[in-house]
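**Q** The lines below spell out each chain.
There are 2 protein chains.
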Amino acid sequence: MDNYVRIFDTTLRDGEQSPGATMTSAEKLEVARALARLGVDVIEAGFPAASPDDLEAVRRIAVEVGALRAMRADSPAQRPPIICGLARASKKDIDKAWEAVQHAARPRIHTFLATSEIHMHYKLKMDREQVLERVIEMVSYARGLCDDVEFSPEDAGRSDPQFLYLVLGEAIKAGATTLNIPDTVGYTTPDEFGALIAGIIQNTPGVENCIVSVHCHDDLGLATANTLAGIQAGARQAEVTVNGIGERAGNTSLEEVVMALNTRRPVFNLVTGIDTTQIMRVSKLVSNYTGIVVQPNKAIVGANAFAHEAGIHQDGMLKHQQTYEIMRPEAVGVTQTHLVLGKHSGRHAFKVRLNELGYELSEADLDKAFDRFKHLADKKKTITDADLEALVADEFYQPREVFTLDGLQVVCGTMGMPTATVRLRGPDGSTHTQACIGTGPVDATYKAIDAIIQAPNTLLEFSVHAVTEGIDALGEVTVRVESRNGHYSFDTQTETDRTRTFGGHGADTDIIVASAKAYLSALNKLLVASNRAGPAETPAFVAHLQTA
Amino acid sequence: MDNYVRIFDTTLRDGEQSPGATMTSAEKLEVARALARLGVDVIEAGFPAASPDDLEAVRRIAVEVGALRAMRADSPAQRPPIICGLARASKKDIDKAWEAVQHAARPRIHTFLATSEIHMHYKLKMDREQVLERVIEMVSYARGLCDDVEFSPEDAGRSDPQFLYLVLGEAIKAGATTLNIPDTVGYTTPDEFGALIAGIIQNTPGVENCIVSVHCHDDLGLATANTLAGIQAGARQAEVTVNGIGERAGNTSLEEVVMALNTRRPVFNLVTGIDTTQIMRVSKLVSNYTGIVVQPNKAIVGANAFAHEAGIHQDGMLKHQQTYEIMRPEAVGVTQTHLVLGKHSGRHAFKVRLNELGYELSEADLDKAFDRFKHLADKKKTITDADLEALVADEFYQPREVFTLDGLQVVCGTMGMPTATVRLRGPDGSTHTQACIGTGPVDATYKAIDAIIQAPNTLLEFSVHAVTEGIDALGEVTVRVESRNGHYSFDTQTETDRTRTFGGHGADTDIIVASAKAYLSALNKLLVASNRAGPAETPAFVAHLQTA
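Chain order of the listed sequences is A and B. Quick note: the first sequence uses this note's numbering, first residue 1, plus one each step. Quick note: the second sequence uses this note's numbering, first residue 1, plus one each step.
It cannot be assumed that every hint is accurate.
Here chain B is said to cover these stretches of chain A; the calculated rule only asks that three of the stretch's residues, wherever they fall, bring their Cβ under 8 angstroms from a Cβ of chain B [what the hints assert, rightly or not]: (1) 51-62; (2) 167-175; (3) 262-272; (4) 438-451.
These are calculated hints, taken from the structure and not from any lab test. By construction, the Cβ of each residue, glycine as well, lies at the ideal position given by its N, Cα and C atoms.
Generate the whole structure from the sequences, applying the supplied hints.
**A** This is the structure in structure tokens:
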């Protein structure tokens with residue numbers, strides 16, 4: 001058995017399924033580019049059958065990240081990552097997946113069907129024989145389209161092992177090249193999960209010609225340990241997400257699995273293709289785009305993970321790093337030199353730094369970004385990488401703009417009657433101004449925006465954090481809203497609709513302005529979705545859109 | 001071997017050592033009360049030798065939570081929790097620990113000394129013989145004071161097992177009743193850590209009369225798995241923190257270990273004394289007081305951990321809960337009924353709800369809290385439990401107030417020149433007013449406060465979140481500042497000074513007012529610390545304090 005563990009990243013599929021983690025197509029593409037630079041072997045780019053938008057997002061990633069011509073000249077990788085699309089075990093889903101991924105140099109179709117008694121009985125309403133037949137039929141169908149087919153027996157962690165061996169053996173005969181074993185509900189212990197993988201490798205006919213993969217969830221805090229136990233039992237692909245985002249308690253963290261294998265190489269004797277120095281950057285990118293914060297005590301990528309060193313008085317233990325440090329911060333891309341640009345930095349220095357951070361902007365976009373940078377530099381003494389990333393995200397990775405913020409004026413304080421005056425520019429170019437009183441400046445601002453846009457919604461989450469240290473820092477606001485107009489999205493796993501939520505982010509040195517931008521960004525996503533949903537569900541204001 | 005696993009909570013000691021997690025004495029006491037209600041067996045209340053404040057905080061917990069008379073009449077527990085104080089292996093430290101914990105009905109002294117080559121050589125500058133001698137001497141000394149003595153060989157995970165058996169055997173002879181095995185740097189895998197514990201139980205003379213304990217760190221994301229592996233190998237005490245807070249990537253999460261043992265009882269066949277329905281409440285309390293956020297995808301206590309259910313369209317899979325749910329949300333105290341009080345609720349309903357939440361206020365404090373509640377109810381339609389907790393925390397668990405916010409007026413927006421006017425009341429009762437311009441409303445407010453207080457500091461962290469859903473929600477602001485006046489605190493482990501950071505929080509429907517309160521709360525902690533540090537380090541303004 002080789003000692004190379006393939007990293008299969010499903011941030012854009014299972015991760016994006018977290019409540020509120022919805023990303024725009026542009027954001028997904030940027031994350032896919034970052035994952036390619038990170039060196040993941042497989043990018044699961046989405047679930048194309050979910051909606052035309054999802055299909056299009058996967059197709060763009062296949063074309064722009066998965067194609068040979070998308071390779072950067074200076075990339076250390078020999079070839080672009082495999083681009084994978086998820087499909088339920090149905091011809092329609094598999095066709096959609098193929099339609100999206102076929103443009104990649106190395107496309108993969110990933111299909112799944114549940115094999116646990118509880119899922120077969122309650123969800124699929126199928127018996128064992130029917131499940132087996134469907135698996136054979138659909139894996140064959142997928143293999144007819146694509147040479148690289150992954151099959152997952154859903155809820156494998158709670159399936160009868162004998163039935164599992166049978167199903168997997170038939171999937172191999174039907175053409176599956178990767179067998180992924182998911183602990184769908186995060187129920188197993190490392191011993192159990194390791195034994196499950198060992199059992200599969202020992203008892204499944206033909207398994208020696210396949211890659212066995214593991215896919216764990218963190219409901220009991222054991223995802224990383226279970227994944228490592230599966231790998232030690234012989235799995236050679238790990239399905240993970242950046243920051244461990246995903247349904248409920250999330251998926252296995254990419255960074256934890258990779259750094260455990262790296263840090264304890266003599267124990268595991270296994271390698272991955274990951275450039276670990278990119279980890280921190282990708283972590284921040286995903287956190288910014290999904291609005292899912294990373295807690296300070298998160299392993300590897302938390303703000304405090306390496307704080308021991310930084311916080312200690314210089315005369316202290318720096319000379320004996322290993323006393324309390326098992327990894328070097330630099331190994332995961334934590335750098336101490338945050339201060340890079342100031343108000344006297346020129347356009348060239350700005351462009352070089354953006355390129356170093358992995359952003360490639362067109363000349364026109366660069367001009368726009370440089371303009372904002374100069375504005376920021378007037379207010380803020382030093383501009384850090386985090387500021388630059390917030391600025392680029394705020395400027396370029398926003399949903400299609402329906403309404404834009406044209407002006408905002410706020411009065412608030414302890415004297416009561418916080419008041420906001422908002423001026424928005426609509427899709428037809430007209431401006432609308434409203435003043436409202438609220439319980440605070442954000443409430444007043446949002447009420448004024450609501451008075452103009454009239455898109456009924458509930459604010460589920462509102463958070464602000466300072467992008468960098470210092471009181472003159474950029475504030476970044478993340479909001480999540482739920483439509484009250486009956487928008488549902490389809491959940492692959494449970495095959496049910498769920499209320500759709502929309503996330504938005506905005507950055508500004510004025511947190512009330514940033515709050516307004518974030519709210520508008522979420523509402524713009526909601527408006528675009530409303531428009532697609534058709535006239536019956538369309539609120540009055542979308543008339544603007546249709547005439548625009 | 002019995003099947004009862006003791007839960008040793010070190011949130012107040014190892015958890016509080018996280019950068020910026022500093023709690024006030026009142027906050028520590030409230031957390032200790034919550035831990036007692038949760039049913040933990042041991043509360044490690046602090047490190048008394050660190051400072052007179054730390055000693056006093058531990059003593060208060062021993063008196064008010066650990067004494068027999070502190071038991072609530074309706075408590076299901078038979079006796080109060082053990083109150084434990086940490087001490088390095090020195091008489092001075094052990095004396096201080098005893099001074100603090102002796103007031104408890106069941107006091108414990110916990111002493112430690114490193115046994116790994118790297119720590120003995122670089123940190124202790126002692127050889128094996130010297131370490132062994134010191135352990136015998138200090139465990140005996142502690143046992144002379146207290147019947148319950150815990151000993152930890154620091155960095156056991158990287159120690160020579162043979163030397164470890166020898167040291168532990170001698171510690172038992174010297175009177176240790178609990179042997180705690182820490183993986184100090186979070187370096188081991190579950191297999192290794194389980195084998196370490198099995199080896200200790202097999203090879204340490206006299207171990208059958210002791211409780212073996214495990215203490216893991218999450219640097220590689222394996223703390224929970226390592227802890228469970230140690231328990232399966234025979235350990236019967238787990239050292240944990242709420243939300244897994246602690247140095248770097250933090251300690252093992254209490255909630256993950258307890259819920260893994262509960263959810264998979266047939267596998268582990270072990271029980272704890274924890275009332276799991278209290279988990280969510282304690283999690284929120286600790287997050288509020290330390291300012292350390294819990295990420296939405298955190299196992300058990302993250303906002304999304306049970307969101308699968310809530311987010312799904314009602315007609316969906318509710319009737320087959322087990323399809324995707326391995327724990328019931330109610331089991332950890334997640335309740336669906338958030339809406340409890342409104343503007344017409346009376347003082348009695350308010351008091352009853354606070355009692356149900358575990359708060360016991362004096363009549364005078366209740367009047368104050370009710371007054372604020374009425375104010376809030378005027379602005380906000382429904383008041384939830386989270387609002388009540390934020391309100392109580394904001395009103396009663398604040399540092400000693402040096403400066404208070406007397407008035408604030410802010411103008412901001414896209415037109416530029418954000419301006420704040422701040423009026424503070426000083427310790428001598430005088431008021432001070434300043435107006436400042438900033439890069440945003442928070443910056444302007446903080447600059448105005450700085451102009452009055454003149455306590456040089458760097459703002460390290462600033463975050464806001466909405467306490468509940470809805471745009472009229474209370475905003476809660478958490479800040480962390482670092483003194484630029486040379487305040488250091490002593491780090492037990494590394495025996496070095498670290499720059500001291502001070503956290504503050506504030507809640508208000510106006511997030512700029514909440515930001516001002518949070519900053520003042522952090523600065524007040526800093527001012528009190530400055531005053532203690534003696535005149536040489538004391539900035540000019542503290543003259544106020546000395547004459548007050």
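**Q** Quick one: which hint numbers does this structure break? Sort them smallest to largest.
**A** Hints 1, 2 are the ones this structure does not satisfy, whereas the remaining hints hold.
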